[in-house]
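K.L.:
First to last, the sequence lines map onto chains Z and F.
The opening position of the first sequence corresponds to residue 1 in my numbering, with each subsequent residue numbered one higher.
The opening position of the second sequence corresponds to residue 1 in my numbering, with each subsequent residue numbered one higher.
Hints listed in this document are in silico derivations from the structure and should not be mistaken for laboratory results.
Glycine residues also receive a C-beta, built at the ideal position from the N, C-alpha and C atoms.
Treat the hints with care, since some could be wrong.
Stated by the list, open to error - Listed next, with one range per pair, are the computed distances between beta-carbon atoms:
1. F/E556 - Z/K40: 49 to 55 Å
2. F/D542 - Z/R26: 53 to 59 Å
3. Z/I60 - F/R225: 32 to 38 Å
4. F/G513 - Z/N24: 22 to 28 Å
5. Z/N24 - F/G49: 49 to 55 Å
6. Z/E44 - F/D572: 57 to 63 Å
7. F/D214 - Z/D104: 21 to 27 Å
8. Z/N24 - F/S517: 30 to 36 Å
Stated by the list, open to error - Facing chain Z, a subset of chain F residues (Cβ under 8 Å, in silico):
9. F179
10. T205
11. G207
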Amino acid sequence: MGVNIDVLRCTGCKLCQVVCSVANFRENNPKKAAIKIVSKLFTEEVRYDVIVCDQCGECIEVCPFDAISMVSGVVIIDPDICTNCGICVDMCPRGAMFTHPEVDHPIKCIMCGECTKYCPRGILDDLAPHDEEEVDE
Amino acid sequence: MYGYAGSILRVDLSSGKTWPEPLTEDLVHNYIGGRGFGAYYVYKEVPPGADPYGPDNVLVIASGPFAGLFLPSGAKTSISAKSPATGLYGDSNIGGHLAAELKYSGVDAIVIRGKAEAPSYLFIDDDRVEIRNAEHLWGLGSIKTEEILKEELGDEFQIATVGPAAETGVVFACINHDFGRQAGRCGMGAVMGSKNLKAIAVRGTKGVPVADIDGLKKVSSAAFRELLEDPALKIWQDLGLAQVTTWSNSIGALPTRNFHENFYEDVDGLSGEIMRETIVVRDKACFACPMATGKVCKASFRGKTVLVEGPEYETTALIGSNCALSSIEEVAYANYVCDELGLDTISTGNVVGFAMECFEKGIINKEDIDGIEARFGSLDAFCDLAYKIAAKEGVGELLAQGVAGAAKVWGDESDRIAIHVKGLEWSGYESRGAPSMMLAYMTCDIGAHHNRAWSITHDIEVGRDIIEGKAAKVVEFQHVRPLFDCIGVCRLQWVEMGFPLEYYAKLYPVITGRNDSWEDLLVKCERIWNLTRSFAVREREDFGRKDDWPPRRFYEEPVPDGPVAGSHITEDDLNVLLDEYYEARGWDVNGRPKSETLERLGLKDVAIELRKMGRIS
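Generate coordinates for the entire structure from the input sequences, incorporating the hints supplied.
P.N.:
Shown next, in the form of structure tokens:
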């Protein structure tokens, strides 16, 4: 399990974030993305971090409402069951469960693969669906 | 309104009040966004004769309809005000993530007037807007200020800051953002500093509505595919704009030793390849940009090691060859000094290069320059002068006025080699061997800047000694290039990678739902061009052809060496260029817009105002 992303090659353009929001919310709003680029430019490392779910499944265990499940290797939140209690957000080891004031459940990567098509450095390929041909637009 | 956040944030620092105003159809229809909004507010709201450093000046920070969206590089913020460098309309644009974040916060543009009583910063978190105390940041460097605010507020805030040079009012003080991006030109930082405004911090969570999201997906998906499959992309990602340096030198356009020459014999030490090999530590991009021309570099000097974004071409040209530094690491260090002090690298490179030539030629002596051994090639001298300029200490007080101001004191022989137009120092293309580029610099509305009409490639294509017929191309560029500054997109994909303009024409209707054609948009740019010109005509009774004149060096000295050695442009040539240009623009022989031209462009009120003042007939 886990995703391999060469963060040292990330340029911080955040194109993945806007692609994600357009693909999953039909909206230009990187704050509704399931992936997040964080600047570490002001640290010794001078780099960006790519925060995204690696489908580890720990949230499945902590969800008090059984709203989260593993489907074909992808962790999925059922928005009809989710109460947006925030426990999975707090417990996520990668900090990859995101919240937005207009969305009534956490936002997480479902490996739709859209961002992988656009990353200018090609570092997000691990987020594409693994077991089938890339689905075209 | 599709493509827009829908509001203008008004800030009056004198009263401490902030309030939103709805974005109007008139403003959007006539001025598009970005630079267009800036021109509109500066013309309308800055009274003639206003002190650029006074509370009546307005600072406009504007995004455009393309900014923050799923498309290549919608990252540009235009910052406009009456410029302290020229006393005329000024603007400068900045990449990074500010434009996008501004729109997510629900704001298309911020219009700031007045002056805060104490050092302050503007805090915007969606609908929450506050003017906060910034006394703990006053005096700090631009990058340090951003670092501290990021610590205090969080990484999601996008922050624009000014450095010490803006606090003291250096006419070429810039605005910094995103570690190492600058709105460098025209002293926009000085205006911000004069308002006691140390920084602007923005965060937003809102989406930007577009007219046809499926249409946007379709066009942008094809656009990105084309860019990502272009083999040139990797070269841009590796070398960034630093690769322009050797090209510019090879065509005889690289400013060298205060524009005495346009060919630098030591260019190899400044090349993009050397930079990549020796000092680049990270590639960095603006919002949604595949090119990632930002290069974070490490440089050491005087026992201090620093990180800096850059140098890109302009900095290398003006600080590197123009001050005859010998290594890209030296240029990077000087770049750091300028960034932290908040000095525009283009103007600083000009000012220091000018001082070095004046010193070496004996126009000034050592006492005139505080005992600094200001010789070409000396990074020590560069740094010493930069710190003095930012602090306005000793000779720095004079040099802080730019080359035009300094030449008034250092005399006629220095005025001949003070390289500026309208008071703004010349950017990175020496143009004695490129008449259309020369004309572009002469007629640029903000002073000697290349970005309105980078037509040097046109000179190369049609003949570098040809004068006639060049004006039309300059006019064409002066509309299409600023259009990018209006819509809020970086033009590098188009300019450097040959990415077709058709994509932008296709994106405009799917984003905005408006039926303006590309040609309609260019007419709006012509309107904006005439409005900024009208600002100058309204501002100064004697404004005209003389203000479009280049420095004497360019027509009194032929190019001494390099690929276009002997190139020479005469005063007659310059007059031919201007005659053709004014004719093409519908301006009179003195370069003032004719009434009918303004009226054709929907600027009837402006025509009436200027006629009443007796400025146009």
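K.L.:
Holds or violated: the 49 to 55 Å window for the beta-carbon distance between F/E556 and Z/K40?
P.N.:
For Z/K40 against F/E556, whose Cβ atoms are near 52 Å apart, the range 49 to 55 Å holds.
K.L.:
Hint F/F179 vs chain Z: min CB-CB distance below 8 Å?
P.N.:
5 Å, holds
K.L.:
Has the hinted range 57 to 63 Å been met by the Cβ atoms of Z/E44 and F/D572?
P.N.:
Distance hint for Z/E44, F/D572 holds at roughly 59 Å.
K.L.:
The hint says 53 to 59 Å between F/D542 and Z/R26; measuring C-beta to C-beta, is that right?
P.N.:
56 Å, holds
K.L.:
Is the distance from the Cβ of Z/N24 to the Cβ of F/G49 consistent with 49 to 55 Å?
P.N.:
Holds - the Cβ-Cβ distance for Z/N24 and F/G49, about 54 Å, lies within 49 to 55 Å.
K.L.:
For the hint on F/T205, does the least C-beta distance to chain Z fall short of 8 Å?
P.N.:
5 Å, holds
K.L.:
At the C-beta level, are F/G513 and Z/N24 separated by a distance inside 22 to 28 Å?
P.N.:
23 Å, holds
K.L.:
For the pair Z/N24 and F/S517, does the Cβ-Cβ distance stay inside 30 to 36 Å?
P.N.:
33 Å, holds
K.L.:
Can you tell me whether the CB distance of Z/I60 to F/R225 sits inside 32 to 38 Å?
P.N.:
With Cβ atoms ~36 Å apart, the hint holds.
K.L.:
Per the CB criterion, is F/G207 less than 8 Å away from chain Z?
P.N.:
3 Å, holds
K.L.:
Tell me if the beta carbons of F/D214 and Z/D104 are separated by a distance inside 21 to 27 Å.
P.N.:
Roughly 25 Å apart at Cβ, these two residues keep to the hinted range, so it holds.
The structure agrees with every numbered hint stated previously.
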